[in-house]
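A.B. asks: Chains as they are written, first to last, in the working numbering: chain A, 1 to 379; chain B, 380 to 758; chain C, 759 to 1137; chain D, 1138 to 1516.
Treat the hints with care, since some could be wrong.
[Said to hold, decoys possible] List of simulated lysine-lysine pairs, BS3-like, C-alpha gap at most 25 Å: (1) B:Lys747 with A:Lys368; (2) C:Lys1028 with D:Lys1312; (3) A:Lys276 with D:Lys1413; (4) D:Lys1183 with D:Lys1316; (5) D:Lys1142 with A:Lys46; (6) C:Lys1126 with D:Lys1505; (7) C:Lys1034 with D:Lys1413; (8) D:Lys1413 with B:Lys655; (9) B:Lys649 with A:Lys175; (10) D:Lys1183 with A:Lys5; (11) A:Lys5 with A:Lys74; (12) D:Lys1407 with C:Lys933; (13) D:Lys1231 with D:Lys1495; (14) A:Lys5 with D:Lys1142; (15) A:Lys270 with B:Lys554; (16) C:Lys1034 with B:Lys655; (17) A:Lys276 with B:Lys655; (18) B:Lys453 with B:Lys717; (19) A:Lys276 with C:Lys1034.
[To be verified] Distance windows between CB atoms, simulated: (20) B:Gln444 with C:Arg822: 49 to 57 Å; (21) D:Asp1153 with A:Val348: 25 to 33 Å; (22) A:Gly151 with C:Gly909: 55 to 63 Å.
[Unchecked claim] Here are some chain D residues pointing at chain B (derived, C-beta under 7 Å): (23) Gln1427; (24) Pro1428; (25) Arg1430; (26) Ile1432; (27) Ala1437; (28) Gly1438; (29) Gly1440; (30) Lys1480; (31) Leu1481.
Derived from the structure by calculation, the hints contain no laboratory data. Just so we're clear, the structure is a prediction, and the values are computed from it rather than from any experiment. The C-beta atom is built at its ideal place from N, Cα and C for all residues, glycine as well.
There are 4 protein chains.
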Amino acid sequence: MAGDKIRLGMVGGGRDAFIGAVHRIAARLDGHFDLVAGALSSTEEKSLASAADLGIPRAYGDFRQMAIRENRLKEGIEAVAIVTPNHMHAPVAKEFLRRGIHVICDKPLTSRLFDAKTLVSAAERSDAIFVLTHNYTGYPMVRHAREMVAGGEIGEIRVVQVEYAQDWLSEPLEKTGQKQAEWRTDPERTGAGGATGDIGTHAYNLACFITGLTLESLAADLDSFVEGRPVDDNGHVMLRFEGGAKGMLWCSQVAPGNENALAIRVYGSKGGLEWKQEDPNYLWYTPLGQPKRLITRNGAGAGAAAARVTRIPPGHPEGYLEGFANIYAEAAEAIRAKRDGRKLSGDVVFPTVQDGLKGMVFVDACVKSSRRNGAWVRV
Amino acid sequence: MAGDKIRLGMVGGGRDAFIGAVHRIAARLDGHFDLVAGALSSTEEKSLASAADLGIPRAYGDFRQMAIRENRLKEGIEAVAIVTPNHMHAPVAKEFLRRGIHVICDKPLTSRLFDAKTLVSAAERSDAIFVLTHNYTGYPMVRHAREMVAGGEIGEIRVVQVEYAQDWLSEPLEKTGQKQAEWRTDPERTGAGGATGDIGTHAYNLACFITGLTLESLAADLDSFVEGRPVDDNGHVMLRFEGGAKGMLWCSQVAPGNENALAIRVYGSKGGLEWKQEDPNYLWYTPLGQPKRLITRNGAGAGAAAARVTRIPPGHPEGYLEGFANIYAEAAEAIRAKRDGRKLSGDVVFPTVQDGLKGMVFVDACVKSSRRNGAWVRV
Amino acid sequence: MAGDKIRLGMVGGGRDAFIGAVHRIAARLDGHFDLVAGALSSTEEKSLASAADLGIPRAYGDFRQMAIRENRLKEGIEAVAIVTPNHMHAPVAKEFLRRGIHVICDKPLTSRLFDAKTLVSAAERSDAIFVLTHNYTGYPMVRHAREMVAGGEIGEIRVVQVEYAQDWLSEPLEKTGQKQAEWRTDPERTGAGGATGDIGTHAYNLACFITGLTLESLAADLDSFVEGRPVDDNGHVMLRFEGGAKGMLWCSQVAPGNENALAIRVYGSKGGLEWKQEDPNYLWYTPLGQPKRLITRNGAGAGAAAARVTRIPPGHPEGYLEGFANIYAEAAEAIRAKRDGRKLSGDVVFPTVQDGLKGMVFVDACVKSSRRNGAWVRV
Amino acid sequence: MAGDKIRLGMVGGGRDAFIGAVHRIAARLDGHFDLVAGALSSTEEKSLASAADLGIPRAYGDFRQMAIRENRLKEGIEAVAIVTPNHMHAPVAKEFLRRGIHVICDKPLTSRLFDAKTLVSAAERSDAIFVLTHNYTGYPMVRHAREMVAGGEIGEIRVVQVEYAQDWLSEPLEKTGQKQAEWRTDPERTGAGGATGDIGTHAYNLACFITGLTLESLAADLDSFVEGRPVDDNGHVMLRFEGGAKGMLWCSQVAPGNENALAIRVYGSKGGLEWKQEDPNYLWYTPLGQPKRLITRNGAGAGAAAARVTRIPPGHPEGYLEGFANIYAEAAEAIRAKRDGRKLSGDVVFPTVQDGLKGMVFVDACVKSSRRNGAWVRV
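Next up, chain A with everything else stripped away, as it sits in the complex (with noise of 0.2 Å):
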């Protein structure tokens, strides 16, 4: 397979990132990728030093240097992994996408709405793929409670209940001079929203992607409880999706006690679900009027969807990384297919820079109906 395999690029990831490493893992854990080139930090110096950590062979002290030269190379790359603070995300993905380098790109989609658009203009141009690691839908049991939903299993949904909560920015870390803190807190590097853009996407993406339900107003109220920040650390959002189901989104970075606490529930005519992030195996299914039933990954009654994503049998706990690896996986189904010529099969889920503008419009309006004392904003 090692012939096989994927030729992948990326830019950040470096010294004192977080997701670059996930990124690198998810590529890795299934053996569709090689990562053979890194632009990754935004000086030249640290970008070679990164790379050589990390025995990349090709290393370039910039993103769009990287683009020319792989694009040229006989056995350049075939896609690059963008894990970079959200503002980058629009001027570098559209480097590789106008030269056909498929992109894998990390959320938000932006740091702007307006980037939002330009870059689906710019993916739309290209004939290369572009997947954005909305990764907690590569779950197996998100896929299976996304099946069970289409199904009807659950009748017609009536309320959706969708909470991020965390709670390492419950004290003004970004004046620490802890990196991550630092951007994912700075208006210019991470955008509008904060906790809501950055955590606040995942849980709306998660409600649309299990529901298929549509966004058609929010009511929002954002806070920043740490004094001095300047983007919101906390968000509550009222939801009215077309054809009148409600909702409720709760999204924190300031709630003790919470790790990386992403929950949703859904509730409909006939059954609800529940499913928790950081027990990723389990799905509650309770069926109206009958004993709630618990799912568990590759166990009795979880369904084809979710066998798709899945590697070990269950009561073998998969994690964050195979959920993300997923998304790589299908990344590099989509682009053996493109490369081959064939049609993607339509389980192949993973979210693409649509959702990623759904995203951007999401905050967007979570931020005007807070800026309007939470008036409903259509989005």
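Since the structure of chain A is already known, use the hints to place chains B, C and D on it.
C.D. replies: The following block gives chains B, C and D in isolation, referenced to the frame of chain A:
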């Protein structure tokens, strides 16, 4: 102790009722009350039959008649439990209050805000005690949570997440002749709020009880998901408290898999708390930067406020009836203190008519906000 | 119903006692009993003081005197609750049994196997009813588990895992003057088994109650981990049941973090069951090849046997006291049936003197096996 | 890093296999190994086909041939993963060990105790490293539990409760042609212990790994509940450790509802610990007399030993594959240290051939004890 027992009457709670039986057990559990009189149903015939079923010595066909006669008896009732549908709380309570008979009234206080205000006046004019059975405040771990917040253990409160979800009205049960569903979805008897009034008031009361916060304004989006239901069966509410804390409140009676899922999470600058009514003997305490701690009823780490209202050692679970009985025990303590001219201990914190008024203001504001498309309404 | 209440006396349960208070609440909770007489302590002075504390009208300094006098009274007690240390169960019970007064006796039956046998004889000679408060059999979900096993829902039983772990004797509490620890670690008063007798008997009784199996033999390894403690504080036991099922039983009072952790799992050829006393409103049912199901007290899937002993809707947790009260309610049902000459329903399944004897045989076999280096001992 | 990767071969793990795929992911996840050669099946044809499936460059029809040739290649494999049925572990391992090729071998060490002893000798004579994949020791929270015990945080150990329950052999699956069930219930290939060897050894290894205790003797009661099965499918074992600690071990493959339920609880004089493989990111720590604490992977309270083997922040769950990969990462660390002539850090604690021998002694003692009617057998 028999000679010392408080003579109790009951209005409502005959055949087909639910909460009347709960009040009777709660009154009996700690041996503080003797149920000696009752006007248990709306018709004389059913009243007498229900009293005979229950072995209640003095049966009345009508609550007014009962108030008059018991007041004249040498050994007449000292207190009355009111367990009728909501619209009868005010007229019944006033009859007893004006005769100096203490009132233990089920929640919500009334069906209409206007009635609540007149009842507050009546209670203020009376020398009798008024106890509102927001029974969830009687749970030991709720008391402990309140004590921790008051002691500053979670710092300044930022976020409150409270919810009360049920599923028993997921289908139009009220059309099947089920009595509970009938009156609880009838605006004449239950009030303008359906789920909001029936269980949202419990959630709101609990949030205030634990946090000590005062609500400033709210924005609500209420729905009746079951066709033809004239009151809400699902409510989404955003909360703003005085001092800057924010909250979300969800109440629903159409969420399959939720039996009686009242739950609250409170996050402050220094830590968090989490409690669930269905597993009431546990309280999660999550101090920022330390491992989560699970405090158990009467176990290590539980304080004096919880110990006051606990009967048995840790690991021996107490439940709903014990929590309810704690309200009755505190009512007894207050009645005896008044009887003996003693000052009541500050530890006795049962909900009062003022708490009931707050609940009605909450419902009224939810309905108003929802009618105004979720506009913020001051309370 | 007051006139219909059963007149109850109590022996033991004065100041410093634990289980006496539990019996009093259990007797009161459903309104079936009136506690009218007591010999609450081992000295006359303390007995009278305790009775005064509790408002019990007829106080005795001595249980024999109480039996004699109450027997002669026109409205003397019909039943007596025995809540003394174990060594007194037999002498007290015999005094009342011989006078036809029903006995509700705490567990284990006696401190010595010999006494248990004589007590069985006494009970058999008497016309009175003998109820042993193995209270955990009173929990609704335990009843449901029993019903499911009897109905063949888990197939032929293969494996039983039962345990009862506590931590309160992890240190030599008996040397600090704590009364409960003193007598429960004193072989004269508690019997030859420490943890084995105090809580191992509960675990063993529960296993037999749910499975309907009969123990054939056991192999035990008992320890006293706290230095100088003359009875076991930890017991490991392997079980062989008639018909080929096997089991393990663990009881411990030195397992930090365990408050009152009685738990049982039963596995058959078609499915499994799991129940935990500390979360008693839930029963896991795991049919082979299907998703796990969580059955809740009074919720969907719970059957008639559980419904008989439940008071309130699902999601409104019942606890230890309600389970205990169910034994009292069944005792009342049996007493009234006898009073009225009616046949007792087969649904009434409170533990009997025979169950008590089995428990004493179990303790005796454990002690014997352990002394013989864990040899298998037939029971 | 590619140039630095360790060249790995694999024996076993072709089509129809389970654990081979796990080893391949584990070898790949952290980028330490390149799988470049394989003898994947027992027939040449299947071996070559499987290697082609997997893109492994050098395929062999026979493990002996592979050992000989790879040994002669300039860039031949440096290590081999052995993932055959148990009876082949020893003959395969010896071929590679004698040529100085490092061995990463699945558990249990062998099918027969005699083979285990000869394999230990072979490993001792060889300069190569021998790693046994008792993968559960690779979980971060298992490492943390071990560190806490070693640091005295739970005091002197008194009681160990360990269990490993599954349900996949509840019915005679081996008669349906399922390959995994076939060899795992065939004494020739799996060894004298069925569940005991397959999963009991994991449980025993885990107990020793965490506690640091040495087993002194055991008493076992083994059963084959499925008719006609020639090896045990359920084992009950009582344990006595040197120094006086006691334990119970339960292993079962016929316990419906248990997927892969390895769990351990350790109780000492000062506290307790509890860990479950199916929820591996959590460790309960229960210091005596304090509230229970839930320590999370990489969260507050987790120490250096866990941090060494963790990749991502708390709340981002790691699972079975990451734990398994930790063993591979430590194998890589040892191989590189040897390659470079460096001393290996004491933090590297992968299971060794000696641990494998202990496991075989355990199985042998269980079988002996059970045949002697559960007599205590010294190990």
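A.B. asks: Closer than 7 Å between Cβ atoms is the bar; does D:Gly1440 clear it against chain B? Give me holds or violated.
C.D. replies: Since chain B brings no Cβ nearer than about 12 Å to D:Gly1440, farther than 7 Å, the hint is violated.
A.B. asks: Measure nothing beyond the straight line between the CA atoms of D:Lys1413 and B:Lys655; if it is 25 Å or shorter, mark the hint as holding.
C.D. replies: Roughly 24 Å separates the two Cα atoms, so the pair holds.
A.B. asks: May I ask you to test the hint 25 to 33 Å on the CB atoms belonging to D:Asp1153 and A:Val348?
C.D. replies: 27 Å, holds
A.B. asks: When you check the alpha-carbon spacing of C:Lys1034 and B:Lys655, does it fall within 25 Å?
C.D. replies: 18 Å, holds
A.B. asks: Mind checking the alpha carbons of C:Lys1034 and D:Lys1413 for me, to see if they're no more than 25 Å apart?
C.D. replies: 17 Å, holds
A.B. asks: Hint check: D:Lys1407 vs C:Lys933, CA-CA at most 25 Å. Holds or violated?
C.D. replies: 18 Å, holds
A.B. asks: With the threshold set at 25 Å, check whether the alpha-carbon distance from D:Lys1183 to D:Lys1316 stays at or below it.
C.D. replies: 15 Å, holds
A.B. asks: Sort out whether D:Lys1142 lies within 25 Å of A:Lys5, counting only the CA atoms.
C.D. replies: 17 Å, holds
A.B. asks: Given the hint that B:Lys747 pairs with A:Lys368, test it: the Cα-Cα distance must not exceed 25 Å.
C.D. replies: 23 Å, holds
A.B. asks: Measure nothing beyond the straight line between the CA atoms of B:Lys453 and B:Lys717; if it is 25 Å or shorter, mark the hint as holding.
C.D. replies: With a Cα-Cα distance of about 18 Å, the restraint between B:Lys453 and B:Lys717 holds, given a limit of 25 Å.
A.B. asks: Verify the proposed pairing of A:Lys270 with B:Lys554, using a straight-line Cα cut of 25 Å.
C.D. replies: 18 Å, holds
A.B. asks: Has the hinted range 49 to 57 Å been met by the Cβ atoms of B:Gln444 and C:Arg822?
C.D. replies: Taking Cβ atoms as reference, B:Gln444 and C:Arg822 lie about 52 Å apart, which means the hint holds.
Of the numbered hints given earlier, the model fails hints 22, 29, 30 and 31; all others are met.
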